[in-house]
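**Student:** If you're matching them up, the sequences are chains A and B in order. Every number in the working numbering is 801 more than the matching position in the first sequence, counting from 1. Every number in the working numbering is 801 more than the matching position in the second sequence, counting from 1.
Simulated from the structure, these hints should not be mistaken for lab results. Note that this is a predicted model, so its numbers are computed, not measured. You may find that some hints are simply not true.
No copy is singled out in the list; a pair is fine if it fits within one copy or between any two copies.
SDA-like, lysine to any residue: derived pairs with alpha carbons at most 25 Å apart [unchecked claim]:
no., residue 1, residue 2
1, K877, R812
2, K844, D1058
3, K982, G843
4, K916, D984
5, K877, T951
6, K985, E827
7, K820, Q959
8, K983, H840
9, K985, G843
10, K844, V992
11, K983, S839
12, K1063, D906
13, K877, Q959
14, K1063, G843
15, K844, G919
16, K844, E981
17, K877, L960
18, K916, D903
19, K877, G952
20, K820, L960
2 protein chains.
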Amino acid sequence: MNFAEELEKKRAYCEAVLKAYLPCPEDGEGGSQTGRVSHFAGKVTEAMRYSAEAGGKRLRPMFLSETCAMYGGRKKLAEPFMAALEMIHTYSLVHDDLPAMDNDDYRRGRLTTHKVYGDGMAVLAGDALLNYAYETAASAFDRAETAEETGRVIRALQLLMRNAGVHGMVGGQCADLEAEKKDKISAEELVYIHEHKTACLIDSGLSIGAILAGAPAADIEKLHTISSCIGLSFQIQDDILDVVGDEKELGKKTGMDAEDNKITYVTMYGLDAAREEVERLTGKATELYDSLTADNLFLRELLISLVGRTK
Amino acid sequence: MNFAEELEKKRAYCEAVLKAYLPCPEDGEGGSQTGRVSHFAGKVTEAMRYSAEAGGKRLRPMFLSETCAMYGGRKKLAEPFMAALEMIHTYSLVHDDLPAMDNDDYRRGRLTTHKVYGDGMAVLAGDALLNYAYETAASAFDRAETAEETGRVIRALQLLMRNAGVHGMVGGQCADLEAEKKDKISAEELVYIHEHKTACLIDSGLSIGAILAGAPAADIEKLHTISSCIGLSFQIQDDILDVVGDEKELGKKTGMDAEDNKITYVTMYGLDAAREEVERLTGKATELYDSLTADNLFLRELLISLVGRTK
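With the sequences and hints as input, model every part of the structure.
**Tutor:** This is how it looks when you write it as structure tokens:
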């Protein structure tokens, strides 16, 4: 099987796991692992599912699943965390798209949640997804079979939370929102934004999979650094694609950063230096990856492919 | 010491616990139990503190602290959950006040978070508070001294999450938002809204305190029912005060429900029947409370005082 086929198979698996964990209205279709929701809360449940089922590469749960498998961990422990991580990613997109934030009408070619359900319901749907992410992750306690596994679930849950909050993704979103008001930001600030907005949730993928599988502490440390390199280069690549990418292939408008006068890696350093930085970071990530005590060739190829991506 | 003095002392204690757990900017004052936040995320940290330090009765953490003490539980386990519960309550107010939701400029006589920090930052501050609530609650794992205590923290965390999400408070907020669009709602729907929007977080107070202290299962079951009665009567009392309350004493405008054509217990049943329902529910709650295996006279008086409250 080639890489593209394998990637699609794994993407479909991540999506199936997510769907199985999303809440269902009591009178609706589909199966939910964590109970049906009263029809009085049917609208927010529908908005949660609409937001989460918008497609996407499902990279974060895939990272989680792959590092867990690589260290011989159990799928049963990983799956609630896979769904939870994708719910966190989804909630951040729903709130980012709000008129109060980026004010986007479309995402991946579909109307954004607030355009379909209204601004108030989109605020609630985002809140509900974040909360449900933790309900879902915490359901892994009921699947732990030993005190050792319970301990791993505790550490995984604490990392999932920290990476999503004010010390993680929300911190990056705050700095990003503040940067929009400024004419100039420092290189340090730009790195802070990228590392927190993007790298933190990648770390939740790579590191939590390893934690749940009981990987050696030194490997988990390396995975944190790999996440930081991959997250940063992924975001720089996003900035590059906004300048040179193909709108059809990307499924979104390009040239938006220039239109918004946004300070990016490209505006700060130029296209060539941005491309070199992506190569440098990926080189560092690959070197560290190759020094891990376990191996997963698919994951290695996936991480490298993120550099050369065109969408 | 009389009840009013005791109440104020306990309120101040709850507030001190909350303050100790709120995140601090790295260059700011005050102590945080869970680490300082980068100055790049200083604005959202400031907005979180502004929102949480707006005052209030701090009833939910007080309930938690009181039932935990009543069953001989440890403060060290209760305190992270007290702070977490008040952060959840606060985030819900920040998002409720947004223009996309209730569009309120003032709360407790102060400008609302979005009026001070802007709509986008208020969305983020609410998200950050919800996330930090769980980070804070999950820090209780590091304080558990036995496997038994770890098990209690797991159950407490799972209940905290469920009561806040789509099966709990957010479910109630969704139904409430939907009801605003309708001319008529059923009595069943009105009870659903009140029980979920209000009673669920009261349950997180009363029940989690008991769970952390290892209270008997039968008592925890009764506390769920007591929470439901108290939450419902608390909300009906809110509807009553909006009609007959004193603006100065309440610190907010009255007559708002009528202005908004809102369907409340009072519009559905009339003032007298609403008052009778408050009495009936409180009677039921008191009876159940008196059948618990432990006793706490202050908490009993506090629960009863919620019926007769004028603010």
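**Student:** Checked against the structure, which of the hints given earlier come out wrong?
**Tutor:** Hint check: nothing fails, all pass.
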